[in-house]
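**Student:** Place chain X on chain W using the hints.
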Amino acid sequence: MSHPRVTGVGLTPFGEHSERTGRDLFAEAGLAALDDSGVDPDDVEALFYGNFMGELAEHQGHQAPLMAEAVGLDVPATRYEAACASSGAAVREAVRHLRSGEADVILVGGSERMTNIGTAGATDALSIAADDLYEIRAGMTFPGAYALMARAYFREFGGSREDLAAVAVKNHDHALPNEHAQLRKEITVEDALGAPMVADPLGLYDACPITDGASAAVLTSAEYAAEHGLGASVAVTGTGQGGDNLALHDRENLARSPAASEAAEEAYADAGVAPDDVDIAEVHDCFTIAEVLAIESLGLCEPGEGIAAARDGKTHATGETPVNLSGGLKAKGHPVGATGVAQVVSLTKVLEGESAWADDVGDARVGVAHNAGGTVASATVHVLEVVA
Amino acid sequence: MSDKARDGAFDDWLDAIEDDSGYYVECENGHGWLPPRRVCPDCGSRDLSETPLPDAGEVATFTEVSVATPQFSADTPYVTAIVDYGPVRVTGLLRGADPDDVDVGMPVGIGVGERETTGDRAVVFRPR
Numbered sequence: 001m002s003h004p005r006v007t008g009v010g011l012t013p014f015g016e017h018s019e020r021t022g023r024d025l026f027a028e029a030g031l032a033a034l035d036d037s038g039v040d041p042d043d044v045e046a047l048f049y050g051n052f053m054g055e056l057a058e059h060q061g062h063q064a065p066l067m068a069e070a071v072g073l074d075v076p077a078t079r080y081e082a083a084c085a086s087s088g089a090a091v092r093e094a095v096r097h098l099r100s101g102e103a104d105v106i107l108v109g110g111s112e113r114m115t116n117i118g119t120a121g122a123t124d125a126l127s128i129a130a131d132d133l134y135e136i137r138a139g140m141t142f143p144g145a146y147a148l149m150a151r152a153y154f155r156e157f158g159g160s161r162e163d164l165a166a167v168a169v170k171n172h173d174h175a176l177p178n179e180h181a182q183l184r185k186e187i188t189v190e191d192a193l194g195a196p197m198v199a200d201p202l203g204l205y206d207a208c209p210i211t212d213g214a215s216a217a218v219l220t221s222a223e224y225a226a227e228h229g230l231g232a233s234v235a236v237t238g239t240g241q242g243g244d245n246l247a248l249h250d251r252e253n254l255a256r257s258p259a260a261s262e263a264a265e266e267a268y269a270d271a272g273v274a275p276d277d278v279d280i281a282e283v284h285d286c287f288t289i290a291e292v293l294a295i296e297s298l299g300l301c302e303p304g305e306g307i308a309a310a311r312d313g314k315t316h317a318t319g320e321t322p323v324n325l326s327g328g329l330k331a332k333g334h335p336v337g338a339t340g341v342a343q344v345v346s347l348t349k350v351l352e353g354e355s356a357w358a359d360d361v362g363d364a365r366v367g368v369a370h371n372a373g374g375t376v377a378s379a380t381v382h383v384l385e386v387v388a
Numbered sequence: 001m002s003d004k005a006r007d008g009a010f011d012d013w014l015d016a017i018e019d020d021s022g023y024y025v026e027c028e029n030g031h032g033w034l035p036p037r038r039v040c041p042d043c044g045s046r047d048l049s050e051t052p053l054p055d056a057g058e059v060a061t062f063t064e065v066s067v068a069t070p071q072f073s074a075d076t077p078y079v080t081a082i083v084d085y086g087p088v089r090v091t092g093l094l095r096g097a098d099p100d101d102v103d104v105g106m107p108v109g110i111g112v113g114e115r116e117t118t119g120d121r122a123v124v125f126r127p128r
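First to last, the protein sequences are chains W and X. The UniProt record's numbering puts the first residue of the first sequence at 1, with every later residue one more than the last. The UniProt record's numbering puts the first residue of the second sequence at 1, with every later residue one more than the last.
This is chain W alone, in the form it adopts within the complex:
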């Protein structure tokens, strides 16, 4: 099978851009990706675009054609929505189209405008990834849902708020050299433990910030990249997706994320790799506990062992399997619909050797991206490899 190549990537700075419209954010990222790729824009055949809360944040549905227009493309454009895994789902569909020969050049991306509606507005908008009747009406918030999972995890496997704080400290450290990151600030375990509670046992420093931003990547068939001398060295070699009951209470185990495990197994089999082959990972750490669940689902740790990984240094840039070298959602920021593609952008840069952490991970050949929606009722996993 010939694997689609990542030929160009683009990001806006992630942060508070409350007065910038979604279309302007996406135009910046999309044009940057097109310029980076060297692809003739006339060759782009489609836009696959991720966005979650556009109706609530900007009163704007039907965003995909608007975003295609914003980057100067007159192509079929479709929005993918899978809560926080929206653009991970867009990447997956692009990969499948490119592999099947349906297309040779696809622009994938996502954007989200969030800070313009304030903390309460964003909390409300994020909550609708849960079951409105049976969860939201019982006071479930997005941090609340992960707090329910964190307490269940502690109960089943042990662990403490200190262990979770170590995840936040690590990801803040990773974000320091990332010019696109929202929170470039060193923190300590004590800072995290002393921060105000959001939903116990999760405090403010266990949560990703509210973020405006956009991401984009040009994916092409291997044949197109070769014919046009694009020299793209990174390919998407595996894709997987998993699903689960929407409501957390309907899951068999409240301390696991089986949809991500299914996505990982499918993506690894697709790429012909095993968890031991993974050199680096970008995972969906919307909350510190989410990174713990993610690395267990990816098979980087056994169930119950993920809680100690950051504390023990295993997932730091200098450790065995660096996780979230970009700073993750936690410190890089989480413009929801942009996150899945932003993970692909970050992995591509590291695998191409363009990373502030290159001295630590310069020989990385296999990266994995884990993008999760809601309490992981949706999950996509992609394997990226250096192929040239």
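The hints are simulated quantities; they were obtained by calculation from the structure and are not laboratory data. Ideal Cβ placement from N, Cα and C applies to all residues, glycine included. Heads up, a few of these hints could be off.
[What the hints assert, rightly or not] Pairwise CB distance ranges (calculated): (1) W:E252 with X:T118: 25 to 35 Å; (2) W:T119 with X:P99: 18 to 28 Å; (3) W:H59 with X:S49: 24 to 34 Å; (4) X:T118 with W:T188: 38 to 48 Å.
**Tutor:** Chain X in isolation, oriented as in the chain W frame:
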């Protein structure tokens, strides 16, 4: 409150809980769900029957929410819990206990209360 249409099976279910006759739907393989369900997501069975909700459940996990949505702003802080009723679990507000005294395994009964912020009905658990 706006003049909204009822959410059929959900509001019927709340009505039943208010009448102390709460139920869930169960397939012949013992998988329990909250209504409405036409098919069991676990086994595909379409033979679902209403089964009485046990008198008391046990707290499976809980959180005290300090940062809420605007629809719960006046309720903050409040406790949301997932309660285990055997074949089915239910999410609701947990009232009538100091958050520091709530623990996993705590037995609770189910009822219906009002959201302080909006007056909307909500599932409310109380210690047994």
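**Student:** All hints, please: hold or fail.
**Tutor:** Verification of the hints:
1. Checked against the hint of 25 to 35 Å, the C-beta distance between W:E252 and X:T118 comes to roughly 33 Å, which is consistent with it.
2. For the hinted restraint 18 to 28 Å between W:T119 and X:P99, the CB-CB distance of approximately 22 Å keeps it satisfied.
3. Remark: the range hint 24 to 34 Å for W:H59 to X:S49 is contradicted by a beta-carbon distance near 44 Å.
4. The beta-carbon spacing between X:T118 and W:T188, approximately 40 Å, falls within the hinted interval of 38 to 48 Å.
The structure does not agree with numbered hint 3 stated previously, though it agrees with all others.
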